[in-house]
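J.: Take a look at the letters that make up each chain.
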Amino acid sequence: MAALRELAALGRGDLVIVSFLGGVDVELLLQAGCVGELHSAGVSLEQAGLAPRFRAARESGRPRFVEWSEGALVAALEAAARGVDSGLTLSGLGTDLPALNPWLAEVKDPHTGAPVVAARAVVPDVALLHVPWMDRAGNAHVPGDLAVDGLLARAARRTIVTFEERRDLPAAAAALSRIWIDEAIAAPRGAWPSGCHPLYGPDLAEVGRIAAESAA
Amino acid sequence: MSAGGAARRTADLLAATLAEEIAAAGVRVFAVTSPLTVAAGLAARRIGAPRLALAGGFTCLDANPVPALTLGEAALVGPAPVARDWAGDVFTLLARGLAGVAVAPAQLDARGRTNLSGIGPPGRPRVALPGSRGLPDNNASPGRVWYLLTAHSPRTLVGRVDVVCGPEPPPGSIRRLITPAGLFSLEREGWQAIWLTPEGRDLLAGTPDLRVTVPATTPVRRLPRPRTLAALHAVDPHEVRAVEVADRHAARRLWAEHARREAGG
Chain H
-3 MAALRELAAL
7 GRGDLVIVSF
17 LGGVDVELLL
27 QAGCVGELHS
37 AGVSLEQAGL
47 APRFRAARES
57 GRPRFVEWSE
67 GALVAALEAA
77 ARGVDSGLTL
87 SGLGTDLPAL
97 NPWLAEVKDP
107 HTGAPVVAAR
117 AVVPDVALLH
127 VPWMDRAGNA
137 HVPGDLAVDG
147 LLARAARRTI
157 VTFEERRDLP
167 AAAAALSRIW
177 IDEAIAAPRG
187 AWPSGCHPLY
197 GPDLAEVGRI
207 AAESAA
Chain W
17 MSAGGAARRT
27 ADLLAATLAE
37 EIAAAGVRVF
47 AVTSPLTVAA
57 GLAARRIGAP
67 RLALAGGFTC
77 LDANPVPALT
87 LGEAALVGPA
97 PVARDWAGDV
107 FTLLARGLAG
117 VAVAPAQLDA
127 RGRTNLSGIG
137 PPGRPRVALP
147 GSRGLPDNNA
157 SPGRVWYLLT
167 AHSPRTLVGR
177 VDVVCGPEPP
187 PGSIRRLITP
197 AGLFSLEREG
207 WQAIWLTPEG
217 RDLLAGTPDL
227 RVTVPATTPV
237 RRLPRPRTLA
247 ALHAVDPHEV
257 RAVEVADRHA
267 ARRLWAEHAR
277 REAGG
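Chains as they are written, first to last, in the numbering used here: chain H, -3 to 212; chain W, 17 to 281.
Just chain H, same shape as in the assembly:
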């Protein structure tokens, strides 16, 4: 979140944002007016309810929302990581998504002729990740769920990791090797108002305040 605030402060209005499952991050970027296009499988404020800025954007059509399924976005990021133009997946088959998302195309498998979805590779220019700990060698440590952060780091051209603390930790326990990290920046409380397990949980009062402010 600390990196996103810096990004928002740049005053750009044309950023293409990829947020696998978005929340306060997307709301803040939409509030700052810096999103030109948003790619995501879903955005909500979870316990604080639906995301008002995201809803308004979708209902008005501005900025453009490109709707993915989780599986199709994983296929697109995996394709990017492997350097191929498309990834094949069953995710989205038989749904309205291929009609809504030009990055998805229902095609026939070249070997069997069976229907399948080809997800165009998504290659972010920069992946911004936040982790609790960085070891002395520059490996990132995440004791909880890494979600798709490892995949984002492999798909992106550059990966910037912000971290809470530098610690002496064994490299073997790292969640993300320094191989995938281009830059590491200390940012204590950098996930706030989201949580950073196990150091602090989400600040639900602040998330609720942002939701109320967005809805106003």
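Simulated from the structure, these hints should not be mistaken for laboratory data.
Among these hints, one or two may not hold up.
To be verified - Among chain H residues calculated to face chain W with C-beta under 8 Å, some are: (1) L17; (2) R51; (3) V62; (4) G67; (5) V70; (6) E74; (7) D81; (8) S82; (9) L84; (10) G88; (11) V144; (12) G191; (13) H193; (14) P198; (15) E202.
Said to hold, decoys possible - Covered, in the sense of this in silico footprint (three residues per stretch, anywhere, with C-beta under 8 Å from a C-beta of chain H), are these stretches of chain W: (16) 162 to 174; (17) 235 to 246.
Remember, it's a predicted structure, so these values are computed and weren't measured experimentally.
Glycine residues also receive a C-beta, built at the ideal position from the N, C-alpha and C atoms.
On the provided structure of chain H, position chain W as indicated by the hints.
T.: Relative to chain H, chain W alone:
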């Protein structure tokens, strides 16, 4: 700390039904998505599925969650070490039919399709919802999917979803719907009642577009089985599961009470 009697009974019924379904399903992994599903998954371990893995995220596929409000990682992953898997594994488990999941779509239709994208035409929502999320992946899976709805409402249970996020389930896959009206199975001909609650027939009359068949022999179930209920109370003694079912006013009060308790107050 207590929910109202009706909310508690409904939460117990939904969670107990889900726990029994999970225990009988033979899935290796159950993906938890809310406090009530955490309680059901933990109870399932006690009533017949002791080796069941509970997925608390994309890479923590064998976690030991606790029923808690935020479902942040403190609850989903807990303090114990968790084996980490590749994010793609959750989709592998779904594709191979090894995982079960309970989902709560905004709309579910007569053919088992789901919607969490929006109300209105595809791409032009009158009311925008969060987005498809994992519904396409869940519904396409040959594994078990339970549609868990805390209200049996015509807003949710429709003839055709506005946006198809979850496709029609593959032939032969098992899909169950759990609501305050009872337990239902998606058959080739459409939804069919397995059992009803005492209010079930009245609730079904309010959702005609779902086109549920009720065989003449359909039993009425008044209470969860005692063994399942005991398991639920053991794994969720503070009844966090009831927050999902309570009305808005009661939910706000329960939320504040649970938040104080979870913060150590």
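J.: Now tell me, hint by hint, if it's right for this structure.
T.: Going down the list of hints, with the structure as the test:
| no. | hint | in the structure |
| --- | --- | --- |
| 1 | L17 | holds (7 Å) |
| 2 | R51 | holds (4 Å) |
| 3 | V62 | violated (10 Å) |
| 4 | G67 | holds (4 Å) |
| 5 | V70 | holds (6 Å) |
| 6 | E74 | holds (7 Å) |
| 7 | D81 | violated (19 Å) |
| 8 | S82 | violated (16 Å) |
| 9 | L84 | violated (12 Å) |
| 10 | G88 | holds (5 Å) |
| 11 | V144 | holds (5 Å) |
| 12 | G191 | holds (5 Å) |
| 13 | H193 | holds (4 Å) |
| 14 | P198 | holds (6 Å) |
| 15 | E202 | violated (13 Å) |
| 16 | 162 to 174 | violated (count 0) |
| 17 | 235 to 246 | violated (count 0) |
In this structure, the hints that do not hold are numbers 3, 7, 8, 9, 15, 16 and 17, in rising order.
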